[in-house]
Amino acid sequence: MSDMSSGSQLKELALFGGEAMLPEGPPSWPLADESVHRALESAFADGSWGRYHGPHVEHLESCLAEYHAVPHALTCCSGTFAVELALRALKVKAGDEVILAGYDFSGNFRSIEATGARPVLVDIDPLTSSLDVALVEQAIGASTRAIVASHLHGGIVTMSALREIADRRGLQIVEDACQTPGGRVEARRAGAWGDVGVLSFGGSKLLTAGRGGAIVTTRQDIAQRAKSYCEQGNNAFPLSELQAAVLLPQLEELDGRNAIRWDNAELLREQLRDINGLTPVAEKPPESSASLFKMAWLFDKSTWTVDRDRFLAAMQAEGVAVDAGFRGFTKRGSGRCRRVGHLTNSEQAAHETVLLHHPVLLESRSTIEKVVAAFHKVHQAFSEPNAA
Numbered sequence: 000m001s002d003m004s005s006g007s008q009l010k011e012l013a014l015f016g017g018e019a020m021l022p023e024g025p026p027s028w029p030l031a032d033e034s035v036h037r038a039l040e041s042a043f044a045d046g047s048w049g050r051y052h053g054p055h056v057e058h059l060e061s062c063l064a065e066y067h068a069v070p071h072a073l074t075c076c077s078g079t080f081a082v083e084l085a086l087r088a089l090k091v092k093a094g095d096e097v098i099l100a101g102y103d104f105s106g107n108f109r110s111i112e113a114t115g116a117r118p119v120l121v122d123i124d125p126l127t128s129s130l131d132v133a134l135v136e137q138a139i140g141a142s143t144r145a146i147v148a149s150h151l152h153g154g155i156v157t158m159s160a161l162r163e164i165a166d167r168r169g170l171q172i173v174e175d176a177c178q179t180p181g182g183r184v185e186a187r188r189a190g191a192w193g194d195v196g197v198l199s200f201g202g203s204k205l206l207t208a209g210r211g212g213a214i215v216t217t218r219q220d221i222a223q224r225a226k227s228y229c230e231q232g233n234n235a236f237p238l239s240e241l242q243a244a245v246l247l248p249q250l251e252e253l254d255g256r257n258a259i260r261w262d263n264a265e266l267l268r269e270q271l272r273d274i275n276g277l278t279p280v281a282e283k284p285p286e287s288s289a290s291l292f293k294m295a296w297l298f299d300k301s302t303w304t305v306d307r308d309r310f311l312a313a314m315q316a317e318g319v320a321v322d323a324g325f326r327g328f329t330k331r332g333s334g335r336c337r338r339v340g341h342l343t344n345s346e347q348a349a350h351e352t353v354l355l356h357h358p359v360l361l362e363s364r365s366t367i368e369k370v371v372a373a374f375h376k377v378h379q380a381f382s383e384p385n386a387a
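If you count the sequence shown from 1, position 49 lands on 48 in numbering that gives the first Met the number 0, and the numbers rise without skipping.
Just to be clear, a hint being listed does not mean it is correct.
Unchecked claim - Simulated pairs of lysine-lysine, DSBU-like, Cα-Cα distance not exceeding 30 Å: (1) LYS92 to LYS300; (2) LYS226 to LYS90; (3) LYS330 to LYS10; (4) LYS330 to LYS92; (5) LYS376 to LYS300; (6) LYS226 to LYS300; (7) LYS330 to LYS369; (8) LYS92 to LYS369; (9) LYS369 to LYS90; (10) LYS10 to LYS369.
Claimed, not checked - With beta-carbon atoms standing in for the labels, derived distance ranges: (11) GLN137 to ALA372: 42 to 52 Å; (12) GLN270 to GLN137: 17 to 27 Å; (13) LEU266 to SER41: 31 to 41 Å; (14) GLN219 to ALA44: 28 to 38 Å; (15) ALA372 to ARG50: 17 to 27 Å.
Hints in this document: simulated from the structure, not taken from any laboratory. On a predicted model such as this, the values are computed, not experimentally measured, just so you know. In this text, a Cβ means the ideal position worked out from N, Cα and C, and glycines have one as well.
Sequences and hints are given; from them, build the entire structure.
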């Protein structure tokens, strides 16, 4: 690329005053579903929206249990609290250790600490951005009680292998399916492999009520302990009737929308493969089907003339909703956690992950093509000449 052509391509970037590929910006979320509108109207009309123990929460819990093919589901105020609730229901306590990936949502680390337990950090599989099951066994110590396994960025933890290790070593699993509701992990729904599965209904999630969460489990003892913890004096961590009402129609649409998201993600991956320095993460897992809350790539700075933050700013200016990944836990001190190995892949993910937010994955083919064009436009302006 000559200096002249490079300068011309830079001027075309929306970041420097050029025309954006998607001038209308990213699509909004949540969708303005008519079914959600009707559910709200119904809850207002019959007065159930103001009840402490109303029909919508009960019906949602029943539907979640049926959907995950488990006998028990319990809703609560957030996905982050649901992780803590799951750990408490598993009797994790002060002095225990809980295995966690070195790259994960920060709330999971805090939830372990909230019980008084100590996180034990294990590296991730770079192909999935999720816990590397092959490294789990060497992390198990005398005080290890549980494992938190999160399916991230469309990646899937090998749950059958993790389940075998946990059963053989007497450990329990919290399966974090907050990013992959409706996904299938081998023959089961994401969340159904763990002793407890966790869901989130946060404002940006695929199933959203603004806030909220749930746990699902096959075990009555876990369900009872979780319910007892929530109902100390009264229900201190509830999901409201209005939240449950808007989630029910979304659950009915989930499988169909997940299929559309995955098809569009496959199209994006295929059309962006020629961009050197942008490596896709979590391609379609064998015998499984993830759902996509965020789609991930690794950004190799050595092939670009800018760093990841500048790349993200350029893409955002083009109207594409991209962001950096999690910071991970590789910088956490030994006073707060125990590390197993060097966490090399976790550190790479923290520094290099680029995430595309899910709403655009439900858009038309023409919109997906504009997203592809935006990636190529920014790449042409910022790629190293010898790496193009």
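To see whether the hints hold, each was checked on the structure:
{"no.": "1", "hint": "LYS92 to LYS300", "result": "violated, 42 Å"}
{"no.": "2", "hint": "LYS226 to LYS90", "result": "holds, 13 Å"}
{"no.": "3", "hint": "LYS330 to LYS10", "result": "violated, 38 Å"}
{"no.": "4", "hint": "LYS330 to LYS92", "result": "holds, 24 Å"}
{"no.": "5", "hint": "LYS376 to LYS300", "result": "holds, 17 Å"}
{"no.": "6", "hint": "LYS226 to LYS300", "result": "violated, 48 Å"}
{"no.": "7", "hint": "LYS330 to LYS369", "result": "violated, 38 Å"}
{"no.": "8", "hint": "LYS92 to LYS369", "result": "violated, 50 Å"}
{"no.": "9", "hint": "LYS369 to LYS90", "result": "violated, 50 Å"}
{"no.": "10", "hint": "LYS10 to LYS369", "result": "holds, 19 Å"}
{"no.": "11", "hint": "GLN137 to ALA372: 42 to 52 Å", "result": "holds, 46 Å"}
{"no.": "12", "hint": "GLN270 to GLN137: 17 to 27 Å", "result": "violated, 40 Å"}
{"no.": "13", "hint": "LEU266 to SER41: 31 to 41 Å", "result": "holds, 37 Å"}
{"no.": "14", "hint": "GLN219 to ALA44: 28 to 38 Å", "result": "holds, 36 Å"}
{"no.": "15", "hint": "ALA372 to ARG50: 17 to 27 Å", "result": "violated, 50 Å"}
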